[in-house]
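Student: Line by line, the protein sequences give chains R and G.
For the first sequence, the numbering used here assigns the number 1 to the initial residue and increments by one for each residue that follows.
For the second sequence, the numbering used here assigns the number 487 to the initial residue and increments by one for each residue that follows.
No lab work stands behind these hints: they were computed from the structure.
Careful, some of the hints might be misleading.
Mimicking DSSO-like on lysine-lysine, the simulated pairs with C-alpha atoms at most 30 Å apart in a straight line are [what the hints assert, rightly or not]: (1) G/K516 x R/K166; (2) G/K519 x R/K238; (3) G/K514 x R/K248; (4) R/K93 x G/K753; (5) R/K460 x R/K93; (6) R/K248 x R/K93; (7) G/K519 x R/K166; (8) R/K248 x G/K519; (9) R/K238 x R/K98; (10) R/K168 x G/K519; (11) R/K93 x G/K516.
Stretch-level coverage of chain R by chain G, calculated; a stretch enters the list once three of its residues show a Cβ under 8 Å from a Cβ in chain G [what the hints assert, rightly or not]: (12) 121-131; (13) 400-414.
Short, incomplete list of chain R residues facing chain G, as computed with Cβ under 8 Å [to be verified]: (14) S51; (15) K98; (16) N210; (17) I252; (18) H268; (19) M269; (20) G272; (21) L278; (22) M304; (23) G306.
Here the structure is a predicted model, which means the values were calculated and not measured.
Glycine included, every Cβ here is placed at the ideal spot set by N, Cα and C.
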Amino acid sequence: MKIQPSVQPERLNHEDLAAKWALWASVGYLLMFGTLGVITAIKFVIPDFFSNYDWLSWPRIRPGHVQGMIFGWLLPMYMAQFYYMVPRLTGTKLYSEKLGIWTTVVWTIGVAIGTYFLLNPANTLNPWLMTKGKEYEDYDTLSNIFLFVGWVMLLWNLGNTFARRKYKQMYAALWYTMGCLLWTAFVYLIGNWPSQLLPQYAFRGLNDANINWFYGHSIVGLIATPGGLGLAYYFIPKAANAPLYSHKLSLIGFWTLGAIYIWNGAHHMIYGPIPYWLQTVATIFSFLLFIPVFSVITNFFGTMRGEWHQLRNNVVLKFMMAATVFYLLTCIQGPLQALRAMSAVVHFTDYTIGHAHMALFGTFTLIAFGGAYYAVPRIYRKPLYSEGMAEWHFWLSFLGFILFSTALWIGGFLQGIEWTDPSISFIQTVRDVEPYWHARAMGGMMMLLGMFLFAFNLYKTATVPAPASTEGQISIAGGSEATATA
Amino acid sequence: MTLTENEIWSGIAVAGLGMVCWLLWLIKMKPEKSAMATSIGIGLTFSIGLLFTILIPSFNENWTDLTANHEPQYHATYLVEHGILYRQWPDGTQFQATDSLHPNGNIHSDAPEGTMLGYTPLEQYGRRIYQREGCMYCHTQQVRPLYGDEMRYSVGASLAVPADEREYVFDQPHFLGTRRIGPDLSREGGKYSDDWHYSHFFSPRQMVPGSIMPAFTWLFPDKDADGNPKPSPDAVALVAYVQTLGYGRLVNDPKVYPGSGWGPWLKPADQQLYHKKGNTQVERAAQPIHGI
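All chains should be modelled from the sequences, with the hints used to inform the complete structure.
Tutor: As structure tokens, this is what we get:
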């Protein structure tokens, strides 16, 4: 590719319209599906909560919460931040702001359809519309079509932006973005293959389960991980105002991530009815994941060398570093859970739920929060409405999540140990973990309160009139410094 | 096509070695300067993993072959009672139903012992209800080959048999599950009477104090002549499906089963034990099978 005369990226006036649309879609869905999550947690301790509504029964809102948080909140937020980040890193304008807006419209409709038919107030059994009944691929086929089309639109938009880039060398955040875009397209197509509509021999039984877990693991490993890490690779050095620790390390991390993650799906069926060799392969590759994980952690912590004092008042870095620590923890937990000895105890317990939340909330949602606090003031060219509220959001999320996940780990582990003793009746093991479910619901409510503060803060940032400034004048999180200069 | 484990491991070793060499080469080639090279690399890493974890396992004949007559493992029979098709204990005397799912069409009528059987239309409909109500989010359908699992789901002197690959050939979607908020269900069939299940679906905490299962009251919209909640066709189908779980699973135990040595995993004494259990708070409604 010919290198064209370079334009300073700061001088370009980015419209950021596409980013704004995706941003508000994701924030709205965050509140909605966060509330569903808290109802799910409350139903553990009050099973008759809303029990007369079939569409609010626990098994219907639970996939609504899980799918909604991934496809309603996390991916649109990634999209918004990609729309912000990619043009700035490639030194060119976004290929089409209009296409970006339509992407959000299509995507939002897809999530709305999916959620409606998961809650299923009409009790339909139509195979195109009803839940697919498999974890992480619960959304119905109609909704899958909308989401896939939306993703291809995003791929086209950002792919064309990549092609028009002004710099030949691509920064780590850009490969991770490309990885997220391509892997998501592949994984989504294979994982949501509508096997219920195909002739009976295709993808049933254990093939169905194997593809389900290939998809279930890849949705975290090849969709949330490359997207979230790509954003962190951009926002950590930006927010800390420090260069990335090591380019080569990020290269190793990226390619090993891609080569290894896809092999992990079968570790969700350790001791299950699948062949022994497949379980062993999944365990081995789970341990190989230490390579990409430690290269990422080293890189992020290395970037912070000499900059740790900034954590005191830089709320973006607070989110990012908490996310990095949780990433380290979740990625130590994951391979250990794939060991047969560990899996025998903690499989099927709440321990797994705590682990999954540490990846999707503790790591990637915190990265998305941090990125939003960095990007939104710059998108609107105004200082953040309230830095103090962002601090509250951080501590509610952080402490709420610690309470939430610790309760699940301890409760899950205890229940797993109790299950190894057949003399304890099943219902007794349920009663014994109940106190931990109370703690989990409390933690969840703290996290939800933080989310409402987040949404209010962003809303006020966008709407409260403030002296106009240029993007460069906004300081780290758009706080006091920016107000002073403006 | 079937690959032995040694062949698979050799293949993985070669692919792994190739991948390491290729990654080293890739890093040397600086793919970060070409969007095309990056994209091809992303596609290749994906394909190799897909080949070994999805495609090669899918040739496993125990996962796919619906017609293979393996060593005797499964045998189930059916009983029509009040117009409802019931799967009954495998004593070989009951009515048999046409299974629209089976490739041979009507295999039940002349199925040799040991042939895997599919679901009847009623049971298949029950699976859809199971799916719609999301039972698989709280109940697994796999007994692991572990002391705790086999003992916990055992009945009397009958140890719960660990899950076998061939149990799942007719399942679309699969209901293996990941979380036991409630107990595993794969050996549940026959443990409780249908009436017990109806009562339990209507009011779980009345049947099991301390249970946190949701009450599925919308499966009982009408009342019968005595004013008791009456199960809808959905509830009937759901219970018919739940009763199939683990029901026809056979084990080889010549001491208990003289002759071929094969018999149901629930030994005769335990079958009696569990048939007597149950409770008749909800009348079993006679539901026609047509129209489902």
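Student: All the hints need checking, so say for each whether the structure fits it.
Tutor: Each hint, compared with the structure:
With a C-alpha separation of about 18 Å, the suggested pair G/K516 and R/K166 falls inside the 30 Å cut-off, and the hint holds. For the given pair, G/K519 sits about 22 Å from R/K238 by alpha-carbon distance, which is consistent with the 30 Å threshold. Simply put, G/K514 and R/K248 have alpha-carbon atoms about 10 Å apart, close enough for the 30 Å limit, and the pair holds. As the CA atoms of R/K93 and G/K753 are separated by approximately 73 Å, the hinted pair breaks the 30 Å bound.
Proximity of R/K460 to R/K93 is assessed by CA-CA distance (about 27 Å); at most 30 Å being required, the pair is judged to hold. As the CA atoms of R/K248 and R/K93 are separated by approximately 28 Å, the hinted pair is consistent with the 30 Å bound. Note on G/K519 and R/K166: the hinted pairing holds, with a Cα-Cα distance of about 12 Å set against a maximum of 30 Å. About 14 Å separates the Cα atoms of R/K248 and G/K519, which keeps this hinted pair within 30 Å; it holds.
For the hint linking R/K238 to R/K98, the alpha-carbon distance of about 28 Å falls within 30 Å, and the restraint holds. At roughly 6 Å between alpha-carbon atoms, R/K168 and G/K519 fall within 30 Å of each other, so this suggested pair holds. For the suggested pair R/K93 and G/K516, the alpha carbons sit about 25 Å apart, so the restraint of at most 30 Å is met. Counting residues of the stretch 121-131 of chain R whose beta-carbon sits less than 8 Å from any beta-carbon of chain G gives 4, enough to reach three: the coverage restraint holds.
A count of 0 residues in the stretch 400-414 of chain R with a Cβ less than 8 Å from any Cβ of chain G is obtained; the coverage claim is therefore unmet, three being the minimum. Given the 8 Å rule on beta carbons, the hint for R/S51 holds: about 5 Å separates it from the nearest Cβ of chain G. Checking R/K98 against chain G: minimum C-beta separation of about 23 Å lies over 8 Å; hint violated. Annotation: interface hint on R/N210 holds; nearest CB of chain G at approximately 6 Å, less than 8 Å.
Proximity of R/I252 to chain G holds as hinted, the smallest CB-CB distance being about 7 Å (cut-off 8 Å). With its C-beta approaching chain G no nearer than about 7 Å, R/H268 sits inside the 8 Å limit, and its interface hint holds. Nearest Cβ of chain G to the Cβ of R/M269: about 7 Å, under the 8 Å cut. The hint holds. Because the smallest distance between the Cβ of R/G272 and any Cβ of chain G comes to about 5 Å, under 8 Å, the interface hint for this residue holds.
Using the Cβ-Cβ criterion of 8 Å, the hint placing R/L278 at the interface with chain G is satisfied: the shortest such distance is roughly 6 Å. At a threshold of 8 Å, the smallest CB-CB gap from R/M304 to chain G is about 23 Å, leaving the interface hint violated. Taking 8 Å as the C-beta contact cut-off toward chain G, the hint placing R/G306 at the interface is violated, the least distance being around 26 Å.
Going through the hint list in order, the structure does not satisfy hints 4, 13, 15, 22, 23.
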